[in-house]
Amino acid sequence: MLKQKLHPFEFLLLPLLGLVSIFSLHTWQGYLLTLILMALNLVILNHQVKLKKLAVFSLILLPALGAMFASSYWFAPADGLNLLSGQNNSHQQLIQSANLTLRLYSLALISFGFMLHMPKESVLLNLMQRKILSVKIGFSLLAGFNAFEYLADEFQRIQLAYRMRFKKNYLSPKILLPLLVAAARYAHNVSISMYNRGLHQGRNFQQPKINFSRYDSGLIILNLGLIASLIYLGS
Amino acid sequence: MSVYQVQDFAFSYPFSTRQINLSGNFVIEAGECILLQGASGSGKSTLLAALKGLIPHLIAGDLTGHINFHNRAITDLNEQDLLKIGYLQQNPDSQLICPDVYSELAFGLENQGCSAELIQTKISLIAERFALTQLLTRKVSSLSGGEKQKINLLAILLLEPEVLLLDEPTAVLDPQSARQIMQIIGEYIQDKTVIIIEHNLHYLQKLVTRGLYIDEDGKIIPQALDEINWLQQLPEQACKYPASATQELLLELKQLNYAYPDKQLFSNVNLQVRRGEVISLLGENGAGKSTLLKLIAGLIPSQQMIYWHQQDITTLKPIQLWEQISLLWQNPETHFLFNSVSEEVAQHSEVLAEFNLSHQALQNPFTLSEGQKRRLSLAIALNQHPQFILLDEPSFGQDYANKLRLIESISALALTGVSFIMVSHDLNFVNALSQKVYELRAGELVSC
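Those sequence lines, one after another, are chains A and B. Sequential numbering from 449 applies to the first sequence in the working numbering. Sequential numbering from 742 applies to the second sequence in the working numbering.
Bound conformation, chain A alone (with noise of 0.2 angstroms):
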């Protein structure tokens, strides 16, 4: 019910407040806050959160995320101020290379979590309507969300083609010529099609202007409060 009343721009409005929170933040705390409010809104404005996906990509971080964290506990700049005091400083060390590699892991995971979730189709007539992208650039991408289906079979068949020629299992990087010639003909198949329908910038859209409801601008208040709380009580 609530799902259906709130605005599209809701899925770039709530990543963009999550993720000034957690360059203003500086403590794990606060990132694990902010990546709490972050997940309960992707529950309010989709019911059905991917969890799997979002268990895909953290698990392909991981490699990222521990070379962050033994880089910057290894080499990093030790702290100032327990320098000039002489105290040991690996316990300080410890906790800023978790800070920072949480801090990583929160900005790709907010963005990540409501990039997989956003209907990306909506947003960008939502955005075409409003004039704020153009529309050729808009309907270029919704046509580039249609082409990724044709383009992975094509693939697929490219590499059953290339392992049967040079019996190997592994591929190289010549598999990416047909690929990139079929790309280029679907583009150019796409581009005459805008042009053979007469796509121009002062067009009308069927859908109506969907705006800002009571909800919208409550869900996004309370996240400015929440998030200036959190920035406040981390200072």
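Hints in this document: simulated from the structure, not taken from any laboratory. There's no promise every hint is true.
Across the chosen pairs, the derived CB separations fall in these ranges [stated by the list, open to error]:
no. : chain 1 : residue 1 : chain 2 : residue 2 : range
1   : B       : 865       : A       : 650       : 21 to 29 angstroms
2   : B       : 1065      : A       : 648       : 50 to 58 angstroms
3   : A       : 500       : B       : 971       : 52 to 60 angstroms
4   : A       : 499       : B       : 947       : 53 to 61 angstroms
5   : B       : 976       : A       : 567       : 49 to 57 angstroms
6   : A       : 619       : B       : 825       : 45 to 53 angstroms
7   : A       : 648       : B       : 748       : 30 to 38 angstroms
All C-beta atoms, glycine included, are put in the ideal place defined by N, C-alpha and C.
Following the hints, position chain B against chain A.
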């Protein structure tokens, strides 16, 4: 009243050495339905793009000669004028812009500034007229190739163009979808001007009023209706089963089943292929023909149901199997990886000579004509010396002359003992080559 006047059209593509030089003049009158024919690479599609005004408005290059639309040079027309000319391309997938069918149909009308109410009325009328109302709420990605092409066509017809230019609209469709597309065109063109490029001429016999033919020298020649080879009969049973064949059994499918997680694709499929045989496989889009080819090629695992030289293919390593079996996809470009034709066949000039490609040895494979590309993909497969070749729609995009050449090549290979399983919608082509024809119908393999 003349719609088009064309005089000595020539065009050079940017960043390419390709030049199209067409000599001759022709006039197209209102209400005519013109069939434009010519050899592969003769410039038919380029001419059609110029008649739409894509050249030079969207595709820059050196243009000479004259093309007038209603006595005005096509170069002087603006985008609004050019909307009077509808243009449908060959590939149904790559013309779709919007996520769902309704938005796709509304796209052109929105560009024309129509109100939401008018758009809804127009779309409802056309969808009812062509019995497509049930498609309106569907995602475009969920449509079949035939449905996509129908939506592309209707999206253009909704703009009520005065002229309709069709560039092989049925090339990638199964016969049933192709007939439906032609039915829509037939109903629409009562008082419109239509120029159509098409290889499957039997669909057009009742629609076309006149022909134009581009010969090998680029000369545009008018064709009367009785000069057009409508049926394009290919020589039946051109491929003779080799008398010397040992009846050696190469491949056997025993009780083959395959199912997706939510759907049984086919079951209890039995088939035997002997050395030198050419077997064809028919069936609607989505019947599982390509999946069957992948199973035979060992690209999808099977369990003790496919035997190669009487040995279960699951006991063979894929690499062993691929030394003897090749698979050629519908789009020959899928197989091209190098910058020149000779590199594609590892500099084996005798293979190029066999497929009449010696003159193109230094050319980039992607710049060959459709017929040459198909022959090159066969040459690439033959370079591996397979005993068995799986062909997915080999006659796709090929004109009559190229089909004849292809039949010649496949027949010659079959005589040397190479066996083929061929998936095709082209019944003439199938009849010309196959010793046995099967159809995948409702999950079963039926002999035809």
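Going down the list of hints, with the structure as the test:
no., hint, verdict
1, B:865 with A:650: 21 to 29 angstroms, "holds, 26 angstroms"
2, B:1065 with A:648: 50 to 58 angstroms, "holds, 56 angstroms"
3, A:500 with B:971: 52 to 60 angstroms, "holds, 56 angstroms"
4, A:499 with B:947: 53 to 61 angstroms, "holds, 58 angstroms"
5, B:976 with A:567: 49 to 57 angstroms, "holds, 56 angstroms"
6, A:619 with B:825: 45 to 53 angstroms, "holds, 48 angstroms"
7, A:648 with B:748: 30 to 38 angstroms, "holds, 31 angstroms"
Violated hints for the displayed structure: none, as all numbered hints are satisfied.
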